[in-house]
Amino acid sequence: MVKVKNIALGIYIALIAFPFIYLLILSFSADWRFPELWPQYFGLRNWSRVISGETGLLSSFVLSLVISLSVATSATLTGFFISRYVNYHPKKRLWTLITYFPYVLAPVVFGACLSFYFIKVGLFGNTAGVILSQFIIAFPYALIFFSSYWGEQTREYENLVATLGGNPWTTYTKVLIPMAGPLMMICFFQTFLISWFEYGLTSIIGVGKVETLTIKVFLFIKEANFYYGAMSCCLLILPPALLIYFNKKYVFNKLI
Amino acid sequence: MSFLHIENINKAFGSDSIVKNLQLTLENNRTLSILGKSGCGKTTMLKIIAGLIKPDSGTIRLNNKTITEQPAAKRNIVYLYQEDLLFPHLTVFENIAFGLRIQKKSKDEIQDQVESMINSLELSGHKHKMPQQLSGGQRQRVSFGRAIITNPSLLLLDEPFGSLDSMTRQNMQSLFKSLAQQFHITSLFVTHDLKEALLMGDEIAYMDAGYLKVYKEKSDFMKDKSTGVLAEVEFWNGIASDLSSNFISS
Amino acid sequence: MRTKYQNIGLLFFAVLGIIPFALSFIYALLYSLGLVGVANSGFTIEHWQEILESGEFIKSFGFSAFMALIAMVFSVGIALWLTLLFHKKIQHKTISFLLYLPLALPGVVSAFFAVQILSKSGYFSRWFYQIGWIKDIQEFPDLINDDFGFGIILTFVSVVMPFFLLLFIGVFKTERIAELESLAASLGSRPNQIIRRITIPLLLHKTWPLIALYYIFLLGAYEIPLILGQESPQMLSVLIVRELKQFDLTKISEGYVVAVIYTVLVTIMTLFLFLRRKSIRIDG
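Residue numbers (this note's numbering), protein chains in the order written: chain A, 14 to 269; chain B, 8 to 257; chain C, 2 to 285.
So that you can see chain A by itself, here it is in the shape it has in the complex:
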């Protein structure tokens, strides 16, 4: 029985590793035609083109980073503060329920229905528009995420600081924010990943002009340029894989 378990685990881990290894090999390859099992060319050619900026991947990587960092920062901060008012409100259950609607709706459909307004205010087909649209879906996530923090216990802390003579400013800067620090980190990285993985919404609001990495993967699939596609995939995988290495909680999102 122990043996069966070990074999099953071995197979599962091999299956997990397979896409990572395959995509990595593919990104170093060229001229890999049916029915060859190994590419004709295997080397640094593709990646050196990335470094030299030819493929546009480097700029996409930077653009994706900028978008995701902006979305994560703004969603985490606004989510943290506004969640307090929502959760201390007598109608908290109703507000939370309403927060769930945009959270469960497919972002691409949401974006498609919102695009009219984005065109109206000139946020269509540009980076600012993409950031705002991604913020709109990351914000409800952050709100729900912090709802567990603003409970009875935190309220008692606020009371305690008040009776010790602290004003709202000290309550936030010395107690509420430092105490929520680890949670804010988790929320930051999870909203970062919501943005980093986002494709549909970006394609609608960015109209293909804002070329994030996910958009690039798609473009390369359309061009049947699988080697570059694999490189984009590797770049997409890199940040979340690093995050898992540092702290699994940054990536494992079981929010409800």
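None of these hints come from the bench; they were simulated from the model. All the given hints hold, so there is nothing to weed out.
Here are the computed lysine-lysine pairs in the DSS-like style, where the Cα-Cα straight-line distance is at most 30 Å: (1) B:61 / C:5; (2) B:220 / B:232; (3) A:16 / C:174; (4) A:18 / C:207; (5) C:207 / A:261.
Since this is a predicted model, take the numbers as computed values, not measurements.
Could you slot chains B and C onto chain A? The hints should help.
Using the frame of chain A, we list chains B and C on its own:
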């Protein structure tokens, strides 16, 4: 006029009347213990005095000033309860220093005061520890130190030892006694433990269904049937007589 | 003062959290009823009739519901099975890292990878050819863009299953299921009974809101069916976006009809999930 003077405080949540016509006076440097079962309104009463809940009517005077309308932060009253609420991101030293830093005391002053408080709390050697590394009793001591060091006019204690085991509880009771003396503390001490109520208070009161009854003398408290002292005495007397008759017969 | 801040906080909540959702829904609704939009000229229910009668929407909806259902059944089933096998193993640091690694794959990458290995010229097809199981590239079965949504389901499972495996292993630990199992054993239960009566019901009881939520997510999935699906039937999100991007302007209104129906359905499901959930909480 006495140091703490409370008159006609009422509080209801909806149609539920929680605190009814509260009258209370207390002199400086005294501890009033209040015996009450859970749900008798004692927590609401303390929170009203601390300024965390607004009363429907009545006045609170502390040190000859009416404070009924003052926000909690201005009252100089600290409210402590079972949960120690230590700041998890600060060391023992920083937890205790917290109130002093809010008061913008000088560095040296803070250093001196906190050090001596840590000694009074018998916590020397723990000052750089994080709260998670402390035992329940130690955490509660830090929580006391953090409150007392700010020199509050009034300390409100809501079942502060409720979550401690009986040994630690006894230690904390005597520690609090000596701290109260050393730092001239005026406090209300709420508990549901009869023995603790008798032990901790210079004066004693009984709270039931929102009504607070303050006894002039401890003996009045003991004679009152509703406080349960008599029943307790009878119980132990019974055991004592059993013991002695057994002792004689054997 | 306090109530003033409270109101400002709620105002921000409304502006950022409620209004975008409300605006998008209202716009879609008005468009679907012919009240806004270039090609529209006033109130009509023609687009709604068109959609409800055409069968395309019903087909798409049924297809989406079915794909999501099959994918969830397989994901949860396999995850449960693996949990029973592995729950003791993941203490090992490297193994634990590897079990989390699938979470680093976004849907678009999973779909790209599925194309690489499942397509007619893909990696599996090459092996089949080299081994001699197929003589020609055309003999390899359609595994992506196929009639049965095989590629979609497989990729859904590859995305969702690893998540539920980790979730179940976590619940296994926090709910002290191992202790309950030995308790049941000491009361005389057989191993099979324990698994059927204790382990699996407990795991599912603690996680059903998330299972339901993931079903809703899969229902609206976009990039995976976009890359791996076929022309018809399409999954809901793909269908909606296709209609909205049409050059035929009358089609756009029909796209909004589907968007409205989809939004209402998802909202009702969320409402149901939220009200049923009550006290169940999965803590991180």
